[in-house]
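S.K.: Working from the sequences, and respecting the hints, build out all of it.
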Amino acid sequence: MVVTSQNLLSFAAALALGLQICASSPVLAMDYDGLPKAPAAKAATSLPQDSVRKAMTSGYFVHAFPQNLSQYDWTLRAGTMIPVTMDIGGMGAMLLNTLEGVMSAEDKQKVKAIMGGSSGNVVTTFQVNPDGFRPCLYFTLNSILEPHAASNVSAYTSAVLIPAGELLRDVVNMSPRDMAVWRAEIDLRKIPGAMLVVPEEQAKGVSHPSGLTVYSYKTGRTLSGSVKALLKSKGVEGITLQDAPQGQETYLDKALVGGVNIETVEAFTEFLGNPGISFGHEKGPKRAGLGTYIGILQPFAENVNKLCARGFYSKGTSQIPSHYSKYRPEPYLQLAAVALEEMGSLVERVGNQSILDDFTTVQKGKIEQVLTALDGFIRGHQSSPEWEKKLYTSDIALRLADMSYAVARRVLDHASLAPVKEEMETLYWACRWNQAFPAYGVQAPDDLNVLTQLEAAAGRLRTKLEAGRYSWFYAQYLNHLLAVYVPGQSVEGFADHYVQALRAIRTTLPQRGWIKVKCGAAPVGKVMWKDTLSRFRLELPKDLLAAGLKDTPVLQTPHAQQDAY
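Residues 370 to 934 in the working numbering are what the sequence shown lists, from first letter to last.
Please note: incorrect hints may appear among the correct ones.
Claimed, not checked - With a straight-line Cα cutoff of 20 angstroms, these simulated DMTMM-like cross-link-like pairs (lysine to aspartate or glutamate) come out:
#	residue 1	residue 2
1	LYS559	GLU535
2	LYS601	GLU717
3	LYS652	GLU639
Claimed, not checked - Now the in silico label distances, taken between C-beta atoms and shown as ranges:
#	residue 1	residue 2	range
4	VAL855	VAL575	44 to 54 angstroms
5	GLN611	ASP865	19 to 29 angstroms
6	PRO644	ASP612	24 to 34 angstroms
7	GLN611	GLN751	18 to 28 angstroms
8	SER714	LEU817	18 to 28 angstroms
9	VAL731	ALA916	33 to 43 angstroms
The hints are simulated quantities; they were obtained by calculation from the structure and are not laboratory data.
Beta carbons: idealized from backbone N, C-alpha and C, even for Gly.
M.R.: See the structure below:
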(Lines of atoms letter the chains of each structure in order from A and count residues from 1; the text may use other names and numbers.)
(Lines give C-alpha, C1' and ligand atoms only; values in the text may rest on other atoms or scores of the structure.)
Protein backbone atom coordinates (compact mmCIF):
# COMPACT_ATOMS: atom_id res chain seq x y z
CA MET A 1 0.00 0.00 0.00
CA VAL A 2 1.36 3.41 -0.97
CA VAL A 3 1.00 5.89 1.88
CA THR A 4 -0.20 9.31 0.75
CA SER A 5 -1.41 12.39 2.60
CA GLN A 6 -4.93 11.40 1.60
CA ASN A 7 -4.46 7.93 3.13
CA LEU A 8 -3.25 9.48 6.36
CA LEU A 9 -6.12 11.93 6.50
CA SER A 10 -8.66 9.17 5.92
CA PHE A 11 -7.01 7.02 8.58
CA ALA A 12 -7.01 9.92 11.05
CA ALA A 13 -10.67 10.58 10.31
CA ALA A 14 -11.47 6.92 10.93
CA LEU A 15 -9.75 7.02 14.31
CA ALA A 16 -11.56 10.22 15.27
CA LEU A 17 -14.88 8.55 14.49
CA GLY A 18 -14.16 5.37 16.37
CA LEU A 19 -14.10 3.35 13.12
CA GLN A 20 -12.10 0.16 13.43
CA ILE A 21 -10.12 -1.33 10.58
CA CYS A 22 -10.74 -5.08 10.54
CA ALA A 23 -7.55 -7.13 10.22
CA SER A 24 -9.23 -9.92 8.23
CA SER A 25 -10.57 -7.78 5.41
CA PRO A 26 -10.50 -4.17 4.17
CA VAL A 27 -13.79 -3.38 5.85
CA LEU A 28 -14.35 -0.50 8.26
CA ALA A 29 -16.77 -1.22 11.08
CA MET A 30 -18.96 1.76 11.79
CA ASP A 31 -19.28 2.60 15.49
CA TYR A 32 -22.15 5.03 16.04
CA ASP A 33 -21.18 5.78 19.63
CA GLY A 34 -17.87 7.21 18.47
CA LEU A 35 -19.42 9.71 16.06
CA PRO A 36 -19.09 13.39 16.91
CA LYS A 37 -22.19 15.16 18.19
CA ALA A 38 -24.07 17.28 15.70
CA PRO A 39 -23.22 20.98 16.08
CA ALA A 40 -25.90 23.37 17.21
CA ALA A 41 -28.15 24.55 14.38
CA LYS A 42 -27.06 27.80 12.79
CA ALA A 43 -28.94 30.26 10.67
CA ALA A 44 -28.32 29.64 6.97
CA THR A 45 -25.92 32.19 5.53
CA SER A 46 -24.85 30.70 2.20
CA LEU A 47 -26.87 31.08 -0.96
CA PRO A 48 -28.54 27.98 -2.47
CA GLN A 49 -26.14 28.24 -5.43
CA ASP A 50 -23.15 28.02 -3.07
CA SER A 51 -24.54 24.91 -1.40
CA VAL A 52 -25.22 23.28 -4.78
CA ARG A 53 -21.74 24.10 -6.09
CA LYS A 54 -20.15 22.55 -3.01
CA ALA A 55 -22.37 19.46 -3.19
CA MET A 56 -21.75 18.90 -6.89
CA THR A 57 -17.98 19.36 -6.71
CA SER A 58 -17.06 17.76 -3.38
CA GLY A 59 -20.14 15.76 -2.43
CA TYR A 60 -21.34 12.24 -3.19
CA PHE A 61 -23.96 10.54 -5.33
CA VAL A 62 -25.69 7.84 -3.26
CA HIS A 63 -27.39 4.73 -4.66
CA ALA A 64 -29.24 2.32 -2.35
CA PHE A 65 -30.05 -1.29 -3.24
CA PRO A 66 -31.12 -4.56 -1.59
CA GLN A 67 -28.53 -6.96 -3.04
CA ASN A 68 -24.95 -8.02 -2.31
CA LEU A 69 -22.91 -6.46 -5.12
CA SER A 70 -20.16 -9.07 -4.77
CA GLN A 71 -22.55 -11.36 -6.67
CA TYR A 72 -22.62 -8.89 -9.56
CA ASP A 73 -18.88 -8.23 -9.95
CA TRP A 74 -19.13 -5.02 -7.91
CA THR A 75 -20.94 -3.43 -10.83
CA LEU A 76 -24.11 -1.35 -11.04
CA ARG A 77 -25.90 -1.94 -14.34
CA ALA A 78 -28.60 0.08 -16.07
CA GLY A 79 -31.10 -1.69 -18.25
CA THR A 80 -30.24 -5.36 -17.91
CA MET A 81 -30.31 -5.73 -14.14
CA ILE A 82 -33.11 -4.05 -12.23
CA PRO A 83 -33.48 -4.15 -8.43
CA VAL A 84 -37.11 -4.88 -7.59
CA THR A 85 -38.80 -4.55 -4.21
CA MET A 86 -42.44 -5.55 -3.78
CA ASP A 87 -44.38 -4.08 -0.90
CA ILE A 88 -47.44 -6.16 -0.04
CA GLY A 89 -47.82 -4.48 3.36
CA GLY A 90 -51.35 -4.65 4.70
CA MET A 91 -52.42 -7.15 2.08
CA GLY A 92 -50.17 -9.80 3.59
CA ALA A 93 -51.44 -9.10 7.11
CA MET A 94 -55.02 -9.30 5.85
CA LEU A 95 -54.34 -12.65 4.21
CA LEU A 96 -52.80 -14.06 7.39
CA ASN A 97 -55.75 -12.84 9.46
CA THR A 98 -58.18 -14.39 7.01
CA LEU A 99 -56.44 -17.75 7.27
CA GLU A 100 -56.20 -17.62 11.08
CA GLY A 101 -57.48 -20.91 12.49
CA VAL A 102 -57.31 -22.61 9.10
CA MET A 103 -53.60 -22.63 8.44
CA SER A 104 -51.21 -24.71 10.51
CA ALA A 105 -48.55 -22.91 12.54
CA GLU A 106 -45.84 -24.39 10.30
CA ASP A 107 -47.54 -23.24 7.08
CA LYS A 108 -48.15 -19.82 8.58
CA GLN A 109 -44.43 -19.41 9.25
CA LYS A 110 -43.70 -20.36 5.65
CA VAL A 111 -46.12 -17.69 4.40
CA LYS A 112 -44.54 -15.12 6.71
CA ALA A 113 -41.12 -16.01 5.36
CA ILE A 114 -42.34 -15.58 1.79
CA MET A 115 -43.88 -12.22 2.72
CA GLY A 116 -40.68 -10.95 4.24
CA GLY A 117 -41.49 -11.55 7.89
CA SER A 118 -43.27 -8.88 9.87
CA SER A 119 -42.36 -6.07 7.48
CA GLY A 120 -44.62 -7.33 4.70
CA ASN A 121 -41.89 -6.65 2.14
CA VAL A 122 -40.63 -9.16 -0.39
CA VAL A 123 -37.22 -8.23 -1.75
CA THR A 124 -36.52 -9.92 -5.04
CA THR A 125 -33.11 -10.26 -6.64
CA PHE A 126 -31.97 -8.24 -9.64
CA GLN A 127 -34.24 -9.26 -12.50
CA VAL A 128 -32.83 -9.72 -15.99
CA ASN A 129 -34.78 -7.54 -18.42
CA PRO A 130 -32.87 -7.18 -21.70
CA ASP A 131 -35.86 -5.50 -23.35
CA GLY A 132 -36.31 -2.92 -20.60
CA PHE A 133 -35.73 0.72 -21.47
CA ARG A 134 -33.69 1.92 -18.49
CA PRO A 135 -30.69 3.84 -19.80
CA CYS A 136 -29.85 5.48 -16.46
CA LEU A 137 -28.77 4.65 -12.93
CA TYR A 138 -30.35 6.86 -10.27
CA PHE A 139 -28.71 8.53 -7.29
CA THR A 140 -29.50 10.99 -4.54
CA LEU A 141 -27.12 13.84 -3.79
CA ASN A 142 -25.51 13.93 -0.31
CA SER A 143 -28.55 12.07 1.03
CA ILE A 144 -30.26 8.72 0.92
CA LEU A 145 -33.75 8.00 -0.36
CA GLU A 146 -36.14 7.41 2.53
CA PRO A 147 -39.32 5.29 2.27
CA HIS A 148 -42.10 7.33 0.69
CA ALA A 149 -45.30 6.88 -1.26
CA ALA A 150 -43.66 6.40 -4.64
CA SER A 151 -40.99 3.93 -3.57
CA ASN A 152 -40.49 1.43 -0.80
CA VAL A 153 -36.81 1.30 0.09
CA SER A 154 -37.21 0.22 3.70
CA ALA A 155 -35.80 -3.22 2.90
CA TYR A 156 -32.71 -1.89 1.13
CA THR A 157 -29.63 -2.92 3.05
CA SER A 158 -26.69 -1.51 1.11
CA ALA A 159 -25.61 1.72 -0.54
CA VAL A 160 -22.76 2.96 -2.66
CA LEU A 161 -21.36 6.49 -2.40
CA ILE A 162 -19.51 7.84 -5.45
CA PRO A 163 -17.74 11.22 -5.60
CA ALA A 164 -20.04 13.51 -7.61
CA GLY A 165 -17.23 14.62 -9.90
CA GLU A 166 -16.78 11.06 -11.17
CA LEU A 167 -20.31 10.96 -12.62
CA LEU A 168 -21.17 14.57 -13.36
CA ARG A 169 -20.41 14.48 -17.09
CA ASP A 170 -22.99 11.70 -17.60
CA VAL A 171 -25.86 13.26 -15.65
CA VAL A 172 -28.93 13.86 -17.85
CA ASN A 173 -31.45 14.73 -15.12
CA MET A 174 -30.59 16.75 -12.03
CA SER A 175 -32.31 16.88 -8.66
CA PRO A 176 -30.99 16.12 -5.17
CA ARG A 177 -33.45 13.21 -5.10
CA ASP A 178 -33.21 12.15 -8.74
CA MET A 179 -29.74 12.32 -10.31
CA ALA A 180 -30.01 10.26 -13.50
CA VAL A 181 -26.61 9.07 -14.72
CA TRP A 182 -26.64 7.70 -18.25
CA ARG A 183 -24.15 4.88 -18.07
CA ALA A 184 -24.65 1.29 -19.15
CA GLU A 185 -22.70 0.17 -16.10
CA ILE A 186 -20.54 1.48 -13.28
CA ASP A 187 -17.72 -0.79 -12.12
CA LEU A 188 -17.03 0.37 -8.57
CA ARG A 189 -13.52 -1.08 -8.73
CA LYS A 190 -12.66 1.59 -11.30
CA ILE A 191 -14.15 4.59 -9.48
CA PRO A 192 -11.62 6.47 -7.33
CA GLY A 193 -13.07 7.27 -3.91
CA ALA A 194 -16.08 4.95 -4.17
CA MET A 195 -17.42 3.69 -0.82
CA LEU A 196 -19.77 0.84 -0.02
CA VAL A 197 -21.98 0.63 3.09
CA VAL A 198 -23.22 -2.89 3.87
CA PRO A 199 -24.60 -4.89 6.82
CA GLU A 200 -21.96 -6.45 9.07
CA GLU A 201 -23.02 -10.02 8.26
CA GLN A 202 -22.77 -9.32 4.52
CA ALA A 203 -19.21 -8.03 4.88
CA LYS A 204 -17.98 -11.16 6.66
CA GLY A 205 -16.12 -13.65 4.54
CA VAL A 206 -16.25 -11.51 1.40
CA SER A 207 -13.04 -10.51 -0.31
CA HIS A 208 -13.46 -6.86 -1.23
CA PRO A 209 -11.54 -5.44 -4.19
CA SER A 210 -8.66 -3.10 -3.50
CA GLY A 211 -9.49 0.56 -4.01
CA LEU A 212 -13.08 0.15 -2.87
CA THR A 213 -13.58 1.25 0.74
CA VAL A 214 -16.24 -0.84 2.47
CA TYR A 215 -17.96 0.19 5.70
CA SER A 216 -20.10 -2.22 7.67
CA TYR A 217 -22.83 -1.44 10.16
CA LYS A 218 -24.06 -3.62 13.00
CA THR A 219 -27.37 -5.43 13.24
CA GLY A 220 -29.96 -3.09 14.71
CA ARG A 221 -28.52 -0.06 12.96
CA THR A 222 -30.08 1.38 9.82
CA LEU A 223 -28.70 1.94 6.35
CA SER A 224 -30.02 5.50 6.41
CA GLY A 225 -28.27 6.36 9.66
CA SER A 226 -25.05 4.73 8.47
CA VAL A 227 -24.95 6.69 5.22
CA LYS A 228 -25.70 9.98 6.97
CA ALA A 229 -22.97 9.27 9.53
CA LEU A 230 -20.45 8.43 6.81
CA LEU A 231 -21.22 11.62 4.88
CA LYS A 232 -20.74 13.61 8.06
CA SER A 233 -17.43 11.91 8.77
CA LYS A 234 -16.21 13.05 5.35
CA GLY A 235 -17.08 16.65 6.17
CA VAL A 236 -20.00 16.63 3.72
CA GLU A 237 -23.08 18.66 4.59
CA GLY A 238 -26.06 16.35 4.23
CA ILE A 239 -29.20 17.21 2.30
CA THR A 240 -32.60 16.56 3.87
CA LEU A 241 -35.19 15.39 1.35
CA GLN A 242 -38.65 16.63 2.30
CA ASP A 243 -41.65 15.35 0.35
CA ALA A 244 -44.58 17.64 -0.38
CA PRO A 245 -47.62 17.04 1.84
CA GLN A 246 -49.64 14.03 0.71
CA GLY A 247 -51.92 14.85 -2.20
CA GLN A 248 -49.96 17.92 -3.31
CA GLU A 249 -47.84 18.35 -6.41
CA THR A 250 -44.33 16.88 -6.41
CA TYR A 251 -43.19 20.31 -7.57
CA LEU A 252 -43.42 21.30 -3.89
CA ASP A 253 -40.89 18.69 -2.74
CA LYS A 254 -37.90 20.26 -1.01
CA ALA A 255 -34.23 19.46 -0.55
CA LEU A 256 -32.94 21.36 2.47
CA VAL A 257 -29.40 22.40 3.31
CA GLY A 258 -29.25 24.32 6.56
CA GLY A 259 -32.95 25.05 6.23
CA VAL A 260 -32.57 26.47 2.70
CA ASN A 261 -34.38 24.75 -0.19
CA ILE A 262 -32.10 23.89 -3.13
CA GLU A 263 -34.74 21.93 -5.08
CA THR A 264 -34.97 24.75 -7.65
CA VAL A 265 -33.82 25.28 -11.21
CA GLU A 266 -32.19 28.56 -10.17
CA ALA A 267 -29.99 26.89 -7.54
CA PHE A 268 -28.61 24.49 -10.18
CA THR A 269 -28.24 27.04 -13.00
CA GLU A 270 -24.45 26.66 -13.01
CA PHE A 271 -24.82 22.97 -13.92
CA LEU A 272 -27.75 23.28 -16.34
CA GLY A 273 -25.97 24.99 -19.21
CA ASN A 274 -26.60 22.06 -21.54
CA PRO A 275 -30.15 22.28 -22.98
CA GLY A 276 -30.55 18.51 -22.89
CA ILE A 277 -30.32 18.20 -19.11
CA SER A 278 -33.65 18.21 -17.29
CA PHE A 279 -34.31 19.08 -13.65
CA GLY A 280 -36.69 17.61 -11.09
CA HIS A 281 -38.79 14.46 -11.19
CA GLU A 282 -38.74 12.77 -14.57
CA LYS A 283 -42.56 12.49 -14.50
CA GLY A 284 -43.00 16.06 -13.28
CA PRO A 285 -39.93 18.04 -14.34
CA LYS A 286 -39.31 21.65 -13.42
CA ARG A 287 -37.16 21.94 -16.51
CA ALA A 288 -37.73 19.73 -19.54
CA GLY A 289 -34.92 17.74 -21.13
CA LEU A 290 -33.75 14.16 -21.58
CA GLY A 291 -35.23 13.08 -18.25
CA THR A 292 -38.65 14.18 -19.50
CA TYR A 293 -38.55 11.73 -22.39
CA ILE A 294 -37.03 8.94 -20.32
CA GLY A 295 -39.98 9.44 -17.93
CA ILE A 296 -42.38 8.90 -20.86
CA LEU A 297 -40.61 6.06 -22.66
CA GLN A 298 -39.55 3.95 -19.68
CA PRO A 299 -43.09 3.12 -18.43
CA PHE A 300 -44.30 2.97 -22.03
CA ALA A 301 -41.83 0.18 -22.80
CA GLU A 302 -42.67 -1.67 -19.61
CA ASN A 303 -46.42 -1.46 -20.19
CA VAL A 304 -46.22 -2.65 -23.78
CA ASN A 305 -43.92 -5.49 -22.78
CA LYS A 306 -46.59 -6.54 -20.29
CA LEU A 307 -49.25 -6.25 -22.94
CA CYS A 308 -47.40 -8.26 -25.54
CA ALA A 309 -45.98 -10.83 -23.08
CA ARG A 310 -42.41 -10.03 -24.04
CA GLY A 311 -39.18 -9.82 -22.06
CA PHE A 312 -39.20 -10.10 -18.29
CA TYR A 313 -42.98 -9.86 -18.03
CA SER A 314 -43.55 -13.04 -20.02
CA LYS A 315 -42.15 -14.90 -16.99
CA GLY A 316 -44.77 -13.53 -14.63
CA THR A 317 -48.52 -13.05 -14.46
CA SER A 318 -48.66 -9.31 -15.00
CA GLN A 319 -52.05 -8.00 -16.05
CA ILE A 320 -52.61 -5.83 -19.09
CA PRO A 321 -52.01 -2.18 -18.09
CA SER A 322 -55.22 -0.18 -17.68
CA HIS A 323 -54.04 2.30 -20.32
CA TYR A 324 -54.42 -0.39 -22.95
CA SER A 325 -57.40 -2.29 -21.59
CA LYS A 326 -59.72 0.68 -20.93
CA TYR A 327 -58.25 3.42 -23.09
CA ARG A 328 -57.40 3.84 -26.74
CA PRO A 329 -53.69 3.10 -27.15
CA GLU A 330 -53.20 4.85 -30.51
CA PRO A 331 -52.42 8.24 -28.91
CA TYR A 332 -49.80 6.59 -26.69
CA LEU A 333 -48.18 5.09 -29.77
CA GLN A 334 -47.92 8.56 -31.34
CA LEU A 335 -46.72 10.12 -28.06
CA ALA A 336 -43.93 7.56 -27.77
CA ALA A 337 -42.90 7.96 -31.41
CA VAL A 338 -42.61 11.74 -31.00
CA ALA A 339 -40.82 11.36 -27.66
CA LEU A 340 -38.25 9.00 -29.19
CA GLU A 341 -37.53 11.42 -32.03
CA GLU A 342 -37.19 14.38 -29.65
CA MET A 343 -34.98 12.33 -27.37
CA GLY A 344 -32.64 11.57 -30.25
CA SER A 345 -32.34 15.28 -31.05
CA LEU A 346 -31.57 16.11 -27.41
CA VAL A 347 -28.95 13.36 -27.12
CA GLU A 348 -27.13 14.87 -30.09
CA ARG A 349 -27.30 18.34 -28.52
CA VAL A 350 -25.87 17.03 -25.25
CA GLY A 351 -22.73 16.10 -27.17
CA ASN A 352 -21.68 13.18 -24.95
CA GLN A 353 -20.35 10.50 -27.30
CA SER A 354 -20.83 7.58 -24.87
CA ILE A 355 -24.48 8.56 -24.32
CA LEU A 356 -25.03 9.00 -28.07
CA ASP A 357 -23.51 5.58 -28.77
CA ASP A 358 -25.68 3.85 -26.15
CA PHE A 359 -28.82 5.59 -27.38
CA THR A 360 -28.12 4.79 -31.03
CA THR A 361 -26.96 1.19 -30.68
CA VAL A 362 -28.97 -0.04 -27.67
CA GLN A 363 -31.80 2.11 -26.31
CA LYS A 364 -33.36 3.42 -29.52
CA GLY A 365 -33.80 -0.10 -30.88
CA LYS A 366 -35.67 -1.17 -27.75
CA ILE A 367 -38.28 1.55 -28.17
CA GLU A 368 -38.59 0.93 -31.91
CA GLN A 369 -39.28 -2.72 -31.14
CA VAL A 370 -41.93 -1.70 -28.62
CA LEU A 371 -43.52 0.70 -31.10
CA THR A 372 -43.78 -2.14 -33.61
CA ALA A 373 -45.27 -4.44 -30.97
CA LEU A 374 -47.94 -1.93 -29.93
CA ASP A 375 -48.76 -1.11 -33.54
CA GLY A 376 -49.25 -4.83 -34.15
CA PHE A 377 -51.49 -5.10 -31.09
CA ILE A 378 -53.64 -2.20 -32.34
CA ARG A 379 -53.93 -3.61 -35.85
CA GLY A 380 -54.90 -6.99 -34.48
CA HIS A 381 -57.67 -5.69 -32.24
CA GLN A 382 -59.08 -2.42 -33.59
CA SER A 383 -61.63 -4.18 -35.82
CA SER A 384 -63.32 -5.78 -32.80
CA PRO A 385 -66.75 -4.43 -31.71
CA GLU A 386 -65.36 -3.51 -28.29
CA TRP A 387 -62.61 -1.30 -29.68
CA GLU A 388 -64.85 1.70 -30.36
CA LYS A 389 -66.02 1.62 -26.74
CA LYS A 390 -62.53 2.34 -25.48
CA LEU A 391 -62.14 5.77 -23.90
CA TYR A 392 -59.66 8.51 -24.57
CA THR A 393 -57.68 9.41 -21.48
CA SER A 394 -56.90 12.99 -20.53
CA ASP A 395 -53.59 11.72 -19.13
CA ILE A 396 -52.16 12.40 -22.59
CA ALA A 397 -52.55 16.17 -22.03
CA LEU A 398 -50.66 15.90 -18.75
CA ARG A 399 -47.74 14.15 -20.47
CA LEU A 400 -47.71 16.71 -23.29
CA ALA A 401 -47.64 19.66 -20.88
CA ASP A 402 -43.90 19.19 -20.32
CA MET A 403 -43.27 19.71 -24.04
CA SER A 404 -43.22 22.85 -26.13
CA TYR A 405 -46.36 23.44 -28.16
CA ALA A 406 -44.39 22.84 -31.39
CA VAL A 407 -43.63 19.30 -30.18
CA ALA A 408 -47.01 18.68 -28.49
CA ARG A 409 -48.87 19.59 -31.70
CA ARG A 410 -47.31 16.61 -33.46
CA VAL A 411 -49.32 14.46 -31.06
CA LEU A 412 -52.41 16.67 -30.81
CA ASP A 413 -52.75 16.85 -34.60
CA HIS A 414 -52.51 13.09 -35.02
CA ALA A 415 -55.55 11.39 -36.53
CA SER A 416 -55.98 9.17 -33.47
CA LEU A 417 -56.95 12.22 -31.37
CA ALA A 418 -59.21 13.88 -33.96
CA PRO A 419 -62.49 13.11 -32.11
CA VAL A 420 -61.24 14.82 -28.93
CA LYS A 421 -58.62 17.24 -30.25
CA GLU A 422 -60.34 20.43 -29.06
CA GLU A 423 -60.79 19.17 -25.50
CA MET A 424 -57.28 17.72 -25.40
CA GLU A 425 -55.64 20.90 -26.67
CA THR A 426 -57.54 23.03 -24.14
CA LEU A 427 -56.44 20.66 -21.38
CA TYR A 428 -52.84 20.90 -22.61
CA TRP A 429 -52.86 24.65 -22.06
CA ALA A 430 -54.73 24.29 -18.75
CA CYS A 431 -51.97 21.96 -17.54
CA ARG A 432 -49.35 24.41 -18.79
CA TRP A 433 -51.07 27.15 -16.75
CA ASN A 434 -51.09 24.92 -13.69
CA GLN A 435 -47.33 24.44 -14.04
CA ALA A 436 -46.90 28.21 -14.40
CA PHE A 437 -47.96 28.71 -10.76
CA PRO A 438 -44.97 30.63 -9.32
CA ALA A 439 -44.63 28.47 -6.20
CA TYR A 440 -44.05 25.38 -8.39
CA GLY A 441 -40.92 26.86 -9.97
CA VAL A 442 -41.46 25.15 -13.34
CA GLN A 443 -39.53 26.51 -16.31
CA ALA A 444 -41.80 26.94 -19.36
CA PRO A 445 -40.85 24.78 -22.38
CA ASP A 446 -41.43 27.71 -24.77
CA ASP A 447 -42.14 31.46 -24.75
CA LEU A 448 -45.82 31.38 -25.76
CA ASN A 449 -48.38 33.24 -23.63
CA VAL A 450 -50.26 30.44 -21.93
CA LEU A 451 -53.46 32.32 -21.05
CA THR A 452 -53.78 33.70 -24.59
CA GLN A 453 -53.31 30.23 -26.08
CA LEU A 454 -55.71 28.71 -23.52
CA GLU A 455 -58.45 31.17 -24.42
CA ALA A 456 -57.96 30.53 -28.16
CA ALA A 457 -58.15 26.75 -27.66
CA ALA A 458 -61.28 27.17 -25.55
CA GLY A 459 -62.86 29.18 -28.38
CA ARG A 460 -62.37 26.29 -30.77
CA LEU A 461 -63.83 23.88 -28.21
CA ARG A 462 -66.83 26.16 -27.71
CA THR A 463 -67.54 26.06 -31.45
CA LYS A 464 -67.49 22.28 -31.36
CA LEU A 465 -69.80 22.10 -28.36
CA GLU A 466 -72.27 24.60 -29.81
CA ALA A 467 -72.50 22.33 -32.85
CA GLY A 468 -73.69 19.59 -30.50
CA ARG A 469 -70.60 17.42 -30.98
CA TYR A 470 -70.47 16.23 -27.38
CA SER A 471 -68.72 13.02 -26.43
CA TRP A 472 -68.05 11.25 -23.17
CA PHE A 473 -64.63 12.88 -23.21
CA TYR A 474 -66.30 16.18 -22.30
CA ALA A 475 -66.99 14.68 -18.87
CA GLN A 476 -63.33 13.70 -18.64
CA TYR A 477 -62.40 17.24 -19.70
CA LEU A 478 -64.26 18.63 -16.69
CA ASN A 479 -62.91 15.89 -14.45
CA HIS A 480 -59.33 16.72 -15.45
CA LEU A 481 -59.91 20.38 -14.62
CA LEU A 482 -60.83 19.21 -11.13
CA ALA A 483 -57.74 17.00 -11.02
CA VAL A 484 -55.59 20.04 -11.81
CA TYR A 485 -57.12 21.96 -8.91
CA VAL A 486 -57.11 19.36 -6.15
CA PRO A 487 -53.32 19.05 -5.55
CA GLY A 488 -52.87 22.81 -5.27
CA GLN A 489 -56.01 23.66 -3.32
CA SER A 490 -54.26 24.09 0.03
CA VAL A 491 -51.32 26.09 -1.34
CA GLU A 492 -51.56 29.82 -0.73
CA GLY A 493 -52.45 31.73 -3.87
CA PHE A 494 -53.24 28.72 -6.04
CA ALA A 495 -57.03 29.23 -6.04
CA ASP A 496 -56.65 32.70 -7.59
CA HIS A 497 -54.21 31.29 -10.14
CA TYR A 498 -56.68 28.51 -11.00
CA VAL A 499 -59.63 30.89 -11.41
CA GLN A 500 -57.63 32.84 -14.02
CA ALA A 501 -57.58 29.67 -16.14
CA LEU A 502 -61.32 29.12 -15.59
CA ARG A 503 -61.98 32.64 -16.85
CA ALA A 504 -59.98 31.87 -20.01
CA ILE A 505 -62.09 28.74 -20.69
CA ARG A 506 -65.38 30.05 -19.23
CA THR A 507 -67.24 29.65 -22.52
CA THR A 508 -66.69 25.87 -22.42
CA LEU A 509 -68.07 25.36 -18.89
CA PRO A 510 -71.69 24.43 -18.14
CA GLN A 511 -73.58 27.37 -16.59
CA ARG A 512 -75.36 25.16 -14.11
CA GLY A 513 -72.18 23.48 -13.04
CA TRP A 514 -73.37 20.00 -13.91
CA ILE A 515 -73.97 17.75 -16.90
CA LYS A 516 -76.45 14.94 -17.50
CA VAL A 517 -75.34 11.39 -18.13
CA LYS A 518 -77.63 8.83 -19.77
CA CYS A 519 -76.57 5.18 -20.04
CA GLY A 520 -78.91 3.25 -22.31
CA ALA A 521 -82.24 2.72 -20.55
CA ALA A 522 -80.83 3.70 -17.16
CA PRO A 523 -82.12 6.87 -15.45
CA VAL A 524 -80.36 10.12 -16.29
CA GLY A 525 -77.64 10.94 -13.77
CA LYS A 526 -75.67 14.12 -13.11
CA VAL A 527 -71.99 14.99 -12.93
CA MET A 528 -71.91 17.77 -10.32
CA TRP A 529 -68.85 19.65 -11.53
CA LYS A 530 -69.49 22.99 -9.79
CA ASP A 531 -70.64 21.33 -6.56
CA THR A 532 -67.46 19.25 -6.47
CA LEU A 533 -65.39 22.43 -6.61
CA SER A 534 -67.44 23.80 -3.74
CA ARG A 535 -66.57 20.76 -1.64
CA PHE A 536 -62.95 21.72 -2.13
CA ARG A 537 -63.73 25.17 -0.75
CA LEU A 538 -63.61 26.96 -4.11
CA GLU A 539 -66.72 29.09 -4.60
CA LEU A 540 -66.72 30.31 -8.19
CA PRO A 541 -67.32 34.04 -8.80
CA LYS A 542 -70.94 34.62 -9.83
CA ASP A 543 -70.04 36.08 -13.21
CA LEU A 544 -67.63 33.30 -14.18
CA LEU A 545 -70.19 30.95 -15.70
CA ALA A 546 -72.35 33.67 -17.26
CA ALA A 547 -70.78 33.04 -20.67
CA GLY A 548 -70.89 29.27 -20.27
CA LEU A 549 -73.00 26.65 -22.01
CA LYS A 550 -76.69 27.43 -21.54
CA ASP A 551 -78.00 24.03 -22.63
CA THR A 552 -76.91 21.31 -20.26
CA PRO A 553 -75.38 18.56 -22.41
CA VAL A 554 -76.75 15.03 -22.17
CA LEU A 555 -74.01 12.47 -22.70
CA GLN A 556 -75.21 9.19 -24.19
CA THR A 557 -72.73 6.50 -23.25
CA PRO A 558 -72.50 2.70 -22.79
CA HIS A 559 -72.33 1.34 -19.24
CA ALA A 560 -68.79 0.14 -19.85
CA GLN A 561 -67.57 3.67 -20.51
CA GLN A 562 -69.24 5.04 -17.41
CA ASP A 563 -67.62 2.28 -15.35
CA ALA A 564 -64.21 3.17 -16.79
CA TYR A 565 -64.77 6.83 -16.01
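S.K.: Run every hint past the structure and note whether it holds.
M.R.: A quick look at each hint next to the structure:
A threshold of 20 angstroms between alpha carbons decides the hint, and for LYS559 with GLU535 the separation of about 10 angstroms falls inside it, so the pair holds. Taking the CA atoms of LYS601 and GLU717, the gap is near 39 angstroms; set against the 20 angstroms cutoff, the hint is violated. Pair hint LYS652 plus GLU639 does not hold up; C-alpha atoms about 23 angstroms apart against a cutoff of 20 angstroms. Against the hinted window of 44 to 54 angstroms, the Cβ-Cβ separation of VAL855 and VAL575 comes to about 50 angstroms, which satisfies the hint.
Distance hint for GLN611 and ASP865: a CB-CB separation of about 26 angstroms, consistent with the stated range 19 to 29 angstroms. About 29 angstroms separates the C-beta atoms of PRO644 and ASP612, a value consistent with the hinted range of 24 to 34 angstroms. Between GLN611 and GLN751 the beta carbon distance is about 46 angstroms. The supplied range of 18 to 28 angstroms is therefore violated. Range check, SER714 to LEU817: about 20 angstroms between beta-carbon atoms, so the 18 to 28 angstroms window is met.
As the Cβ distance of VAL731 to ALA916 is approximately 54 angstroms, the hint placing it in 33 to 43 angstroms is violated.
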